[in-house]
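S.K.: Residues per chain, in single letters:
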Amino acid sequence: MFATTVVDSITFSIAAAICLFGALGVVGFRNPVHNALSLVATLFGIAVLFIAQGAYFLAAIQVIVYAGAIVVLFLFVIMLLGVDRAENLVAERKVSGIVLALLLGAGTGAMVYIAYRAGLSTPTGEKSAMAALDPSNDLQVLGRAIFTDYVLAFEITSILLTVAVIGAVVLSRPAGGEPIDYEEFPDPEEDPALLVEDLGAND
Amino acid sequence: MIFGIDPLLENIDGAAILIVLVKVVIAFAALMVSVMAMVWFERKIVARMQNRLGPNVAGPFGILQTLADGIKLFFKEDLIPDNADPFVFRLAPYLSLVPAFLVFMVIPLGGDFNNGKGGVVTWFGSTNETLFQLADPHIGILFVLAMSSIAVYGVMLAGWSSGSKYPLLGSVRATAQMVSYEAALGLSLLAVLLNSGSLSTNAIVAGQQAWNWNAWATGGVPFIVFMIAATAELNRPPFDLVEAEQELVGGFHTEYSSIRFALFFLAEFMNTITMSAVIVTLFLGGPAGPTGWAPEWLQGVLPTVYFFAKLLMFLFIFVWFRGTLPRLRYDQLMDLGWKVLIPLSLAWFLLLAAFKVGQDQNWNRFLVGGVGVVTIVFGAALVSGAASAARARRADQEVAS
Chain A
73 MFATTVVDSI TFSIAAAICL FGALGVVGFR NPVHNALSLV ATLFGIAVLF IAQGAYFLAA
133 IQVIVYAGAI VVLFLFVIML LGVDRAENLV AERKVSGIVL ALLLGAGTGA MVYIAYRAGL
193 STPTGEKSAM AALDPSNDLQ VLGRAIFTDY VLAFEITSIL LTVAVIGAVV LSRPAGGEPI
253 DYEEFPDPEE DPALLVEDLG AND
Chain B
352 MIFGIDPLLE NIDGAAILIV LVKVVIAFAA LMVSVMAMVW FERKIVARMQ NRLGPNVAGP
412 FGILQTLADG IKLFFKEDLI PDNADPFVFR LAPYLSLVPA FLVFMVIPLG GDFNNGKGGV
472 VTWFGSTNET LFQLADPHIG ILFVLAMSSI AVYGVMLAGW SSGSKYPLLG SVRATAQMVS
532 YEAALGLSLL AVLLNSGSLS TNAIVAGQQA WNWNAWATGG VPFIVFMIAA TAELNRPPFD
592 LVEAEQELVG GFHTEYSSIR FALFFLAEFM NTITMSAVIV TLFLGGPAGP TGWAPEWLQG
652 VLPTVYFFAK LLMFLFIFVW FRGTLPRLRY DQLMDLGWKV LIPLSLAWFL LLAAFKVGQD
712 QNWNRFLVGG VGVVTIVFGA ALVSGAASAA RARRADQEVA S
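Going line by line, the protein sequences match chains A and B.
Mind the numbering: the first sequence is residues 73 to 275 in this note's numbering, read in order.
Mind the numbering: the second sequence is residues 352 to 752 in this note's numbering, read in order.
Simulated from the structure, these hints should not be mistaken for laboratory data.
Quantities reported herein were computed from a predicted structural model and do not represent experimental measurements.
Glycine is no exception: its CB is placed at the ideal position from the N, C-alpha and C atoms.
Check each hint, because a few of them may be wrong.
[As the list claims (entries may be wrong)] These stretches of chain A come out as covered by chain B in the derived footprint (C-beta under 8 Å, 3 or more residues):
1. 129-135
2. 139-146
[What the hints assert, rightly or not] Pairwise CB distance ranges (calculated):
3. B:G730 to A:L214: 26 to 36 Å
4. A:R189 to B:L701: 43 to 53 Å
5. B:I575 to A:R216: 28 to 38 Å
6. A:V242 to B:G730: 13 to 23 Å
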């Protein structure tokens, strides 16, 4: 038992340090790509913490979905848009911003404290905050909870995601009809005068 | 906690630690030696397919060529471009290499799976029962997927941090390709998981005993889809747009030299080997095969021999692809991934799930199959109808403008 505790606390310290320094890096670095990489470090640290709690499935999903898909997408956008230069981002600090940050921090702290105090008996009835899942069947526990008690929430989430995908497709497809810059660049076929003028200019 | 249900780790003593160390060394050495052999094998086979001799000077049949090249690369000058981001530039090769190593950890390399023995082997005295794989986590196959999604970072960051246009183009292509085909890879995997009811690699292999291999137990389609998606995920020909020499010089590793280039090269071949091992584990029963005919002393070795024989078959197939198939165009690559492989593997998964439910509920098997096939054909007609409508609309717009 003693050995397990020591191993657990060492694992926790390392993973927590990675999470914290990663999180500091996300807000601290000036280069967007370095920020995204720090985010990956944080997500990875959280995955290790999940494993330490016996939640293997959540750990794997954390790496596959967040580190493997979402941050890759972030990086992809950063690269494609070419905003990957270190920019001068010094902004004046507004009082309202500082107050908001303090409030948010206090709120998060309060939630962590409640989760800590809640211990074994949690609001949802599933063991979560302080107790490890049964490591031999965390998948079954999760699957049963999602597809029986919380099936409505699950289905609503999937509809929400489908709506988001369809919305993205609708927003990104080219609108039928005339292009936006039609007035600036008129179609020469409809207005032959422009075409003649252009040819004349080239002579 | 991190190691799963290996019977060895229930009470840890000196012998257990020794066995774990031996397994680490075996996994590491087997992988490194296979990589060296694979580089030689690929060069030799491709050379023969192109009517050349291939490496034939260093050692017998040129088998030491890889070693010679490796030593040469060690002593080359290590260049970092002026525009490069030095930290990320140095980090990227390791982000490629480490996941490639880690995947091999969950592959069962041997052990008798016949008659429900579950691949338990006994080493160093009868009390030490263990599995012939370094770790058997409950999430085994998800671990493979997680590592392959981490490996994207190596390619992506290498291209970005070089501060040069061709590597950037190569890595943008690579990322789009790997993210697209990961979906097909995962969906075809689901069929196997449905069949075996477990994520652990050991349990997946144990479920395929007595020739009940997933390649045909799942109806063949997931196997073919997984094979194609794996080739794309590995960035191997015919899906090697990432490093298309004629267009991108060398793709994401253009600016790399010396040992850092060697690390990418190593990671690429290592990924080929581990992906072949994953295919063997998932679809061809891993180390499974007939052992009853052999004398006692041979029975412990035979599963490992079977495993490596199957592995070699897939390595040859990958080289064969490279030697014979021309590279796809980029839009063909995306069409194949999104419009063929993903819908196909999803439809097949739904069909298998319907059969599974039908089995539980005692429904007529042919009725379930018939309704399933009709639904799939209807869905396929809808998808292809939508695609051709979109194509016609695009053509109209092009004509109009």
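S.K.: Hint by hint, which ones does the structure fall short of?
M.R.: Violated: none.
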